[in-house]
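Asker: The residues making up each chain are set out below.
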Amino acid sequence: MYEFVSGPLVWISFIVFIGGSLYRLCSMHKLAKKEKVIYPYMSLKYGLRSIIHWVIPFASTNMRRRPLMTVTTFAFHICLVLTPIFLLSHNILWYQSWKISWWTLPEGTADIMTVIVILAAFFFLARRLVLPEVRFVTFASDYALLIIALAPFLTGFLAYHQWLPYKTILILHILSGELMLIVIPFTRLSHMLYFVFTRAYMGSEFGAVRNSKDW
Amino acid sequence: MAEPAKEIVVDPGLDETIKKLTPKKIEDTINKVLTKGAAARLKVYMQTCVHCGLCSEACHFYLSHDKDPRFSPVGKVKQTLWEIVKRKGRVDGEFIKNCSRIAHTECNVCRRCSMYCPFGIDMAYLLLLVRRICALLGVVPQYLQDTVNSHAVTMNQMWVKQDEWIDTLQWQEEDAQDEVKNARIPLDKEGAEIMYSVIGPEPKFLAQLLGNISIIMTVAGMDWTMPSFDGWDNSNMPMYSGDFETMARVERKHFEAAFKLKVKKIVMGECGHAFRGAVYDGPKWLAWKEPPVPLIHAVQFYYELIRDGKIKIARKFEQPVTIQEPCNIIRGRGLGDMLRYIMRATCEDFRDVSPRYEHNYCCCAGGGVINCGPPWKKNRVEGNRVKAEQLKATGAEVVITPCHNCHSGIEDIVNYYKLGMHVKFFSEILVDVMEIPEELKV
Ligand code: SF4
Ligand code: SF4
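Residue numbers (the numbering used here), protein chains in the order written: chain G, 1 to 215; chain Z, 1 to 442.
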């Protein structure tokens, strides 16, 4: 079992993740070309201006209005992306299979970052349950996606601290990580792929056509 | 939350039209709209929206209804478009009626929400798609549909006939001559610098505004003209009902009038939606990147006249004034500074609003909502309590609204919430305070 999930399944999930993402982006590009009015309106300058304003914490009005959400969401996304890439044990695995390795996070830091992801996920869950405007637009799939994103971190944390049967948790950890990679291109987790494009489009419309700011 | 939003509104445009729908017609129409033309943005927006609700507080309907989630931008899209997509278009007439109620009467497509969504998802665009589906199915609030029919038949919004149009202009020209010597409204002057265009309701209900522009143009010494033929009306209700074919005919006609008169530019009266149609929605549907004739809004025109000293201010307006910033020229065109410039130049005591500029609240009349007529009026004024509070907080006695929709919408709010304010167009202030040169004095 371990051999399978840490061998072929890793390959499969990376191929699906990368292939799927490329496929989604290509089909978006094809559809956007058909819609004729999208590309001519795109502006590099205003697109970038908008993206920059929305990747800096508190640079937009709405972010300033909701400080707790802003801090949480930035912490969550930063840790979610960086931790798996720069984790020492992941690097060792990559070195073993492909002889590549890079800078790694100190273990204590990585541990804190994992906890941040977990806590933030619970914050998002609470928001969905408590805030009427969020609950009203929440589907079962929103909970599912949150669990999918949380699982690799929760299991990773347990595995690192070896609080539960190590082997089982490790397998669950790998499986949940693979699941997340696989579903990114095909679910709303693909906001990760689309963010720059939706932002750039709106930024271009606001900047170039409407002469105003979108933050 | 299945109960209807508010008391039931009777509107034959929705109640009667849905009786003629068949499940097949609904499904076919929906699939046509969602797969042709709209596919890219719709798909990406649907996939990207993480249902976070962060856009909610952008919407005045949501804020005015004590944060009822059914009125949040994403809440409105959830009740309409998401459901349509989920059910692959297999929805019934009642559902479509509900869609029209939400998309036509509970959203002003003011786009404030796209500044609050972290992804810049254009919820107004999605709700316009819902309107498009409703319009193709013939389910549109009756009063709104009537203006669309008028556009389709007469190329203006108010069934104004050509002789009435010309008559009104001549009458206003005479009135203007009581104020200023040689005031004119030159008709069909080929090669003039400026074509001035207005919306249908001006000759119908607010003719004195035509007299005002005659006074202003004469004093400023402008080389201008107005068409005596179709194309004089720059308003565009089909843009809001979802009848984009008619919208495109109207926009084309407007620009054709300018071509025919060989003018250098178009100056549009104080109207926001008309400006949006000419600058953005119209050209976009016609696949033009830019309007084919340069075109500016009245606010910019007045700004240039005052800045360049073509109009001088004799004495400033004294009462405390504030502004209603029309979404379509502020968030839609960035004229916020010019508006403040002309306000300060003409008024002693200008009280700014908060929130302001791009973040200003919509008047709740725009986006075709006021054109849905009396049955929906209560819904509209109740949907903008925050605007009443915003205006009240300024302590002003007069509100300047450089937009027709704003004007009527704010008047309703002022009455309903008993704000005791007067609502004016900027041109009314301008003719009041400007200097009339000796040689033009009557
Ligand atoms: S009224 Fe304005 S803020 Fe509210 S949903 Fe419509 S476009 Fe968005
Ligand atoms: S439109 Fe944007 S802000 Fe609103 S729920 Fe979707 S992702 Fe969140």
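Careful: at least some of the hints might be erroneous.
The list that follows gives simulated cross-link-like pairs (lysine to any residue, SDA-like), each with its CA atoms no further than 25 Å apart [as the list claims (entries may be wrong)]:
#, chain 1, residue 1, chain 2, residue 2
1, Z, Lys32, G, Tyr39
2, G, Lys213, Z, Ala314
3, Z, Lys67, G, Val130
4, G, Lys36, Z, Lys253
5, Z, Lys32, G, Cys26
6, Z, Lys289, G, Val130
7, G, Lys33, Z, Tyr280
8, Z, Lys43, G, Glu3
9, G, Lys36, Z, Asp28
10, G, Lys30, Z, Lys441
11, Z, Lys43, G, Ala140
12, G, Lys213, Z, Lys32
13, G, Lys213, Z, Glu304
14, G, Lys34, Z, Glu174
15, G, Lys30, Z, Lys67
16, G, Lys45, Z, Ile313
17, Z, Lys43, G, Thr138
18, Z, Lys441, Z, Glu174
19, G, Lys213, Z, Arg340
20, Z, Lys43, G, Val196
21, Z, Lys289, G, Ala32
22, Z, Lys43, G, His161
23, Z, Lys43, G, Val130
24, Z, Lys67, G, Thr138
25, Z, Lys424, Z, Ala207
26, G, Lys36, Z, Glu174
27, Z, Lys67, G, Met69
28, Z, Lys86, G, Ile15
Keep in mind that the hints were calculated from the coordinates and are not lab data.
Asker: Against each hint, give a clear statement of whether it holds in the structure.
Answerer: Cross-check of the supplied hints:
1. Z:Lys32 to G:Tyr39: holds (23 Å)
2. G:Lys213 to Z:Ala314: Distance ~36 Å between Lys213 (chain G) and Ala314 (chain Z) Cα, so the pair is violated.
3. Z:Lys67 to G:Val130: With a Cα-Cα distance of about 14 Å, the restraint between Lys67 (chain Z) and Val130 (chain G) holds, given a limit of 25 Å.
4. G:Lys36 to Z:Lys253: The given pair, whose Cα atoms are some 23 Å apart, holds under the 25 Å limit.
5. Z:Lys32 to G:Cys26: Given that 25 Å is the threshold and the Cα spacing comes to 23 Å, the pair holds.
6. Z:Lys289 to G:Val130: violated (45 Å)
7. G:Lys33 to Z:Tyr280: Roughly 19 Å separates the two Cα atoms, so the pair holds.
8. Z:Lys43 to G:Glu3: Roughly 38 Å between the alpha carbons, so the hint for Lys43 (chain Z) and Glu3 (chain G) is violated.
9. G:Lys36 to Z:Asp28: holds (23 Å)
10. G:Lys30 to Z:Lys441: violated (64 Å)
11. Z:Lys43 to G:Ala140: holds (20 Å)
12. G:Lys213 to Z:Lys32: violated (34 Å)
13. G:Lys213 to Z:Glu304: Holds. Lys213 (chain G) to Glu304 (chain Z) sits at ~23 Å (cutoff 25 Å).
14. G:Lys34 to Z:Glu174: violated (53 Å)
15. G:Lys30 to Z:Lys67: At roughly 39 Å apart (the allowed maximum being 25 Å), Lys67 (chain Z) and Lys30 (chain G) break the hint.
16. G:Lys45 to Z:Ile313: violated (40 Å)
17. Z:Lys43 to G:Thr138: OK: Lys43 (chain Z) and Thr138 (chain G) at ~19 Å, within 25 Å.
18. Z:Lys441 to Z:Glu174: Given pair Lys441 (chain Z), Glu174 (chain Z) holds - Cα atoms ~15 Å apart, limit 25 Å.
19. G:Lys213 to Z:Arg340: holds (18 Å)
20. Z:Lys43 to G:Val196: Judged against 25 Å, a Cα distance of about 15 Å means the pair holds.
21. Z:Lys289 to G:Ala32: Holds: Lys289 (chain Z) and Ala32 (chain G) sit about 16 Å apart, inside 25 Å.
22. Z:Lys43 to G:His161: violated (42 Å)
23. Z:Lys43 to G:Val130: violated (29 Å)
24. Z:Lys67 to G:Thr138: Distance of about 16 Å is within 25 Å: holds.
25. Z:Lys424 to Z:Ala207: holds (14 Å)
26. G:Lys36 to Z:Glu174: Given that 25 Å is the threshold and the Cα spacing comes to 49 Å, the pair is violated.
27. Z:Lys67 to G:Met69: holds (18 Å)
28. Z:Lys86 to G:Ile15: Not satisfied, since the Cα-Cα distance of roughly 29 Å exceeds 25 Å.
Figure legend: structure checked against the earlier numbered hints; hints not met, in rising order: 2, 6, 8, 10, 12, 14, 15, 16, 22, 23, 26 and 28.
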